[in-house]
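Chemist: So you can see what is in the structure, the chains are spelled out below.
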Amino acid sequence: MALDKNQIAQRISQELKHNMYVNLGIGIPTLVANFIPTGIDIEFQSENGVLGMGPFPFEGEEDPDMINAGKQTITTLLGAALFDSSISFAMIRGKHVQLTVLGAMEVSENGDIANWKIPGKMVKGMGGAMDLVASAENIIVAMMHSNRKGESKILKTCTLPITGVNCVKKVVTNLAVLEVTDKGFKLLERAPGVSVEEIKNLTEADLIIEGKIPEMKL
Amino acid sequence: MINKVVNNINQALIGVESNMTFMFGGFGLSGIPENAISKLSKMDLFGLTCISNNAGIDDFGLGLLLKRKQIKKMISSYVGENEEFERQMLSGELKVDLIPQGSLAERCRAGGAGIPAFFTPAGYGTEVAEGKEVREYNGKSHILESALTADFAFVKAWRGDAAGNLIFKGTARNFNPLMAMAGTITVAEVEELVPVGELDPNQIHTPGIFVQRILQGENYEKRIEQRTVRKRE
Numbered sequence: 001m002a003l004d005k006n007q008i009a010q011r012i013s014q015e016l017k018h019n020m021y022v023n024l025g026i027g028i029p030t031l032v033a034n035f036i037p038t039g040i041d042i043e044f045q046s047e048n049g050v051l052g053m054g055p056f057p058f059e060g061e062e063d064p065d066m067i068n069a070g071k072q073t074i075t076t077l078l079g080a081a082l083f084d085s086s087i088s089f090a091m092i093r094g095k096h097v098q099l100t101v102l103g104a105m106e107v108s109e110n111g112d113i114a115n116w117k118i119p120g121k122m123v124k125g126m127g128g129a130m131d132l133v134a135s136a137e138n139i140i141v142a143m144m145h146s147n148r149k150g151e152s153k154i155l156k157t158c159t160l161p162i163t164g165v166n167c168v169k170k171v172v173t174n175l176a177v178l179e180v181t182d183k184g185f186k187l188l189e190r191a192p193g194v195s196v197e198e199i200k201n202l203t204e205a206d207l208i209i210e211g212k213i214p215e216m217k218l
Numbered sequence: 219m220i221n222k223v224v225n226n227i228n229q230a231l232i233g234v235e236s237n238m239t240f241m242f243g244g245f246g247l248s249g250i251p252e253n254a255i256s257k258l259s260k261m262d263l264f265g266l267t268c269i270s271n272n273a274g275i276d277d278f279g280l281g282l283l284l285k286r287k288q289i290k291k292m293i294s295s296y297v298g299e300n301e302e303f304e305r306q307m308l309s310g311e312l313k314v315d316l317i318p319q320g321s322l323a324e325r326c327r328a329g330g331a332g333i334p335a336f337f338t339p340a341g342y343g344t345e346v347a348e349g350k351e352v353r354e355y356n357g358k359s360h361i362l363e364s365a366l367t368a369d370f371a372f373v374k375a376w377r378g379d380a381a382g383n384l385i386f387k388g389t390a391r392n393f394n395p396l397m398a399m400a401g402t403i404t405v406a407e408v409e410e411l412v413p414v415g416e417l418d419p420n421q422i423h424t425p426g427i428f429v430q431r432i433l434q435g436e437n438y439e440k441r442i443e444q445r446t447v448r449k450r451e
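These protein sequences, in sequence, are chains A and B. Per our numbering, the very first residue in the first sequence carries number 1; after that it's consecutive. Per our numbering, the very first residue in the second sequence carries number 219; after that it's consecutive.
Chain A on its own, in the form it takes in the complex (with noise of 0.2 Å):
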């Protein structure tokens, strides 16, 4: 079975260390907040000026001057601080935040990555995505293995604009954990009663194959 969105977040959750800030862009990303493991702290940055995250605000303790980069309504944890988009970014571009976990429209096999534009259709702007993926140290996508007209996002080369060059380290999809190295994309895993074949067949780019290759543990 494919994972749902919420089974890719948690898959990701896998990854996160103890101690380690954190950046999640909009989407799949988002989620992923929901499934820290326990023992764990994270500290979650959002671009627009807050560190230390928290959930969102129980009904009627919204405050419009206390959003995420999604401009949802949040809370702040103990010990959170709130700064400006120049320091925040100081935090992206200068590696001080360890993690970045981004949805996108393609990965290719170097890994570059296009989740920004599509030429004449979409046009809303990177937002922060460019910085985000010019500097992190590590970077995974969260996203679906195809796009809905099935075609396969895990590709030679990106079709659309890149929004940054040689950047994604791992891609977690609802049927595979790929890591991208020097030759290209490794398949480390797949989706619980997923087949290597059904893998190979959905996806546009060749996949280093070594092994028996696990399933998921969810």
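The hints are simulated quantities; they were obtained by calculation from the structure and are not laboratory data. Wrong hints could be hidden among the right ones.
Simulated coverage check for chain B against chain A, where a stretch passes if three residues somewhere in it have a Cβ under 8 Å from a Cβ of chain A [to be verified]: (1) 231-240; (2) 260-268; (3) 288-296; (4) 302-308; (5) 321-329; (6) 411-422; (7) 433-444.
Interface residues of chain B toward chain A, partial, derived using beta-carbon atoms under 7 Å [said to hold, decoys possible]: (8) Asn221; (9) Lys222; (10) Glu345; (11) Lys387; (12) Gly388; (13) Ala390.
The beta carbon of each residue, even a glycine, is placed where N, CA and C say it ideally should be.
Let chain A serve as the given structure and place chain B on it in line with the hints.
Modeler: Just chain B, lined up with the frame of chain A:
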């Protein structure tokens, strides 16, 4: 102390003209200078270049200026919440310069800090890098981004005093302190204008030297774009 207080929004906007470049603080609708935007949207000003992280929504924020076609060019990082914006952009009526959010913030900061340009890795290898100088530092490619300044910068703070010192609240700070630095004339509107001496100098976010006019704001709507809540257990 130099007194920066102006008594109303009309005084605050003395000197604005068509074809000028304006900066507007705010992220989404959080921390936007509502009083300045409201007044500007009722004036006969056209051909404006506006620098703002976002472009408001159809009926609020910079959407009000867009609706009257007062804006000629927009410099932003994300404009996704505004249909009229998208329509004007795709039809070519509106010129749009989309730039990475961190570069936008730093370009405003640099403009106010007397730094004409800087190298950043953001955007290297993408459309954003077209026509820009590339230089390698520590084995990594960077692109040259230039500073931004404006004829007027409009910012909004939580509290301020007559000296122009500002304190922001929550994530409403965002671009406001950076744009305050980069305006030839910076107009700060505040939720609460307090007597001089009431703000703790240790806690000032924007020192008054960056602010030319300060105004007690009024009738703040402070709209929420995405109201997200959780259930009480």
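Chemist: Hints first: check each against the structure and report whether it holds.
Modeler: We went through each hint and held it up to the structure:
no.: 1; hint: 231-240; result: violated (count 0)
no.: 2; hint: 260-268; result: violated (count 0)
no.: 3; hint: 288-296; result: holds (count 3)
no.: 4; hint: 302-308; result: holds (count 3)
no.: 5; hint: 321-329; result: holds (count 6)
no.: 6; hint: 411-422; result: violated (count 0)
no.: 7; hint: 433-444; result: holds (count 5)
no.: 8; hint: Asn221; result: violated, 26 Å
no.: 9; hint: Lys222; result: violated, 21 Å
no.: 10; hint: Glu345; result: holds, 6 Å
no.: 11; hint: Lys387; result: holds, 5 Å
no.: 12; hint: Gly388; result: holds, 4 Å
no.: 13; hint: Ala390; result: holds, 4 Å
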